[in-house]
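Chains as they are written, first to last, in the working numbering: chain A, 1 to 94; chain B, 95 to 332; chain C, 333 to 459; chain D, 460 to 952.
Because the hints were derived from the structure by calculation, they are not lab data. Don't take every hint at face value.
As the list claims (entries may be wrong) - List time: in silico DSS-like cross-link candidates among lysine-lysine, alpha-carbon distance up to 25 Å:
| # | chain 1 | residue 1 | chain 2 | residue 2 |
| --- | --- | --- | --- | --- |
| 1 | D | LYS754 | D | LYS901 |
| 2 | D | LYS666 | C | LYS455 |
| 3 | D | LYS933 | D | LYS666 |
| 4 | D | LYS623 | A | LYS25 |
| 5 | B | LYS97 | C | LYS391 |
| 6 | C | LYS455 | D | LYS823 |
| 7 | D | LYS613 | D | LYS933 |
| 8 | D | LYS933 | D | LYS779 |
| 9 | D | LYS613 | C | LYS455 |
Read off the chains here:
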Amino acid sequence: MIYFILICILFLLMIGASVYAIIQKDLLYAVMATGIISLILSILYYLLQAPDVALTEAAIGVALTTIIFVITIRNTVRMEDESDKKEKFKSAVK
Amino acid sequence: MKKVLVILLLAVLGYYTAATFFDIGFGQPHFIKGLEPVKDIYLAQTVKTLKVSNAVTSIVVNFRGFDTLGEVTVLFLAVTVLGSVLYKKRHEVGERSVLFSASSIVTSGSKLLFPAIILLGAYVFIHGHLSPGGGFQGGVIIATGFLLMLLSYENYSVSHTALSVVESLAGITFAGVGLLGFLHGGTFLQNFLPTGVLNNLFSGGIIPIIYIAVGFKVGAELTGVIYTVLHEKGQSNG
Amino acid sequence: MDSTLFHYLDYAVYGTAILVMLIGFYGTMVKKSLLKIVISLSVIDSGLNLLIVTIGYYKGGTAPIFSPGFLKNFKDVSKMVDPIPQALVLTAIVIGFGVTAVALALVIRLYRHHGTLNIDEIKNLKW
Amino acid sequence: MVGTPVLFIAIPLLAAFLIPLLGMIWKELVRIVPGLVLTYLLILAINLLNHVLVHGPIVEVIAGWVPPIGINLVFSAFSGFLVTLMIFLGLLVWIYSYRFKRNVEYEPALKYFLMLMMLITGSVGIVLTGDIFNMFVFIEITSISAYGLTAFYKGRNSAEASFKYVMMGSIASTFLLLAIMIIYSQLGTLNMADIARKIHLMNPTLKIVSYIFFVTALGIEAEIFPLNGWAPDAYAEAPGPVGAAFAGIVVKAAVYAIIRYTYTIFDLSSSFSFLIIIGMITLIIAETAAIRQEKLKRMLAYSSIGQMGLVLVAFGFGTKEGVFAALFLMLNHAIIKSLLFFSGSYLVYNSTEKNIKEVNGMSKFLPVTSLLFAIGAFAIVGLPPFAGFWSKLSVLTAAADSNMILIMVLVLMVSVVELVYYLRVVNRIYFFKKEADTKPHKPTFNALFVMLVLGAIILLIGFYPDAVTGMLHKASASLMDKGQYIHNVLSLK
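When you get a sec, could you build the whole thing from the sequences and use the hints?
Okay, structure coming up:
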């Protein structure tokens, strides 16, 4: 039973994260959401008896893809609607 | 209006995809009865002929090794395309973008972790035929090690020449081992080495050799991707 | 009680994967920001990969690794999950990463030229 | 045995990995080595094709596992013909761009030639492979190099065109993987011949769904109507020779894939009329769009899309004559459209907009290039005595044989539209006054050589079509014979 609830929570989290990744205006948060999708995916792969795929997804999806997105956002704009272009990543972090 | 149309289109697509996959069913044998699926042959031959413990490795490197050659080429091409798309004349190359200024805890911590990460990556791809993992996973782990160093040290740099030499040599090893399979009247990528004993480190014939080459290649390529993108300091209005 | 619940769970895996894919498709078609489109493409890839791995799964199967423990206890190959979808997904993930990197490089260059990522403002070519 | 088909993949890959190292020794090697590789492959292809026409298809096994276990390559008369054509065009594109790229620096030149070689290798792989997932990998190789080549020039809107292409391409690969997995989940195999043998056991609904996914995915690459939004931009923004490579090599490979799925793998009775319908829609819409274009390369791109529609129509007849006509069209289209792209990019060489009106009066300054462009234009419309006449004639006779008079009439009407917009350009070249601000650019020796070779081939086929028809008949016979294909692949021990 507890197992069931756990898996259901994983599924709901994954759908929630993907919806969040699409509707969130702040691209940095959206990218973090894709990172969370990958993390949940790699747990699911492990549960589906695919350890090789889980390892790959954890390394590529969570680490590399996310960091490339973050670097791109750093070099371009952070907000989706770009209403004020001045507000860049760096000033927001500090 | 457009959104409604898109949602309608996606609803149709989703309905048919979902119907198809619910039809296929989850978790039970779904192949049509009476056929012998290839996976049974793969699993049997993995132990019997190739003496490899990890069936995914044997498929990726041997049975469907040609796919892997293509896949490595895709990554190689991605690095090439990245360099071509983001190419700037030498004097225009900007500084590296710095995501954050790292404190001394981060720098010394990553210095400490870096050898361990590289070691883990090497372990993963050397043991690719025995345990989960392999060339891709190990290569990616090594690339994350370099990523850590690049992020925490502002002036840490990887020699571009060294990266491309490693990449080329690993690629040549892969294709060359493949061509050596023609020895003794064999075919491309055919195993020509003794296969050893199951679950030993030295087993599986050419599979560990190819996976180690793939590991080096993927590591060098992904490091190259990160390095190229990181050196792309954006001007606000270009 | 438990078994019926788990029966619904069967459909939940496919449902989740397809839903994630559809959400990604929605993003690629509706969103205006180039980066958002690339994010949507990577969401599609996630859903697709989950779908493919799920096809290879058998209930109560073990991972396709002939470890010494497996050889001692089971010796039954049919207890293993299908390794082929896993091998294909391995390839697909790496290829997807390469495509994502290329797309992001193009995004950076478009930003360098136009100073914006909004599709409506970049439209020099007819879409 | 003179060589094996796997060398078509292995040698270019080996060279691609070697070239960055060789470039460190002597920078000129970066330009020379791809040409040497392509020359060697062309010789190999011609040798193998001669062998195959006499002795029957070669099936190459990889990694020592016979089909359906391992991956296999099939070099039949049909695939061999396409491979030879592609490598020949690739070699011409290389000769054309060898000096064209002189003014480019070392690093972009290295990347250009690598991407060009991989584009050709990927397309050859699509044609040769006998495994559906392997085909997916080669499609990805081809499309990634195409993305890079589209975005090669900095100044124009190339990155935008390329981004569009990336978007469509990613969606295409999603559908392709879905279709592959549906088939795998039912039949448990990925080998084409094995699937073709077992496909009748599959649930019809699943079969239709996977066929539609396949055609959607490949239609994006093959420029079928609702999915070809990327094509005109990519053709217009890519460097001139790359446009020729797209029209002559990439699209051919994608069309090959559609045909292989329709003819060999799926035995759906309604799929042939489906091909005719989508081909006809593509043809009509593309040709009417071409007449409205103001930029030369966009016009050529729409014309290329239209020709692909015509090829699909011809394949859709499902008869031996139809297949023969389609293959003849593919051959002619590859040669003629390359000539048009090569000469057209010199006619508008120095302009930034590449508008059609900038070709005005070019015949006085570039007589040979203008003449060759005119030959290409007349040939692609199908005027005698050029090569295009015979292919269009064979399409019409094939339509008449299948009692499809409506199709015949429509094809003729579309040809008139085609004639109008090509004549408009030729008219401007010969009878208009040169615009004041356009500066003609003399073609380099290599470019002129390539164009003359292509023009000579057009005239040769025009006056003496028997030079190729024998081979085309054998190629179409090898495509139609599904049972023989399955037998050849699966009888290996």
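We went through each hint and held it up to the structure:
1. With a C-alpha separation of about 21 Å, the suggested pairing of D:LYS754 with D:LYS901 holds against the 25 Å cut-off.
2. Taking the CA atoms of D:LYS666 and C:LYS455, the gap is about 39 Å. The hint is violated against a cut of 25 Å.
3. For a cut-off of 25 Å, the pair hint linking D:LYS933 to D:LYS666 is broken: about 30 Å separates their Cα positions.
4. The hinted pair formed by D:LYS623 and A:LYS25 meets the criterion: a straight-line CA distance of about 22 Å does not exceed 25 Å.
5. For the suggested pair B:LYS97 and C:LYS391, the alpha carbons sit about 39 Å apart, so the restraint of at most 25 Å is broken.
6. At most 25 Å may separate the alpha-carbon atoms for a hinted pair to count; C:LYS455 and D:LYS823 exceed this at roughly 37 Å.
7. With a C-alpha separation of about 45 Å, the suggested pairing of D:LYS613 with D:LYS933 is violated against the 25 Å cut-off.
8. Under the criterion of a C-alpha separation no larger than 25 Å, the hint pairing D:LYS933 with D:LYS779 is consistent with the structure, at around 11 Å.
9. For the hint pairing D:LYS613 with C:LYS455, the CA-to-CA distance comes to about 17 Å; that is within 25 Å, so the pair holds.
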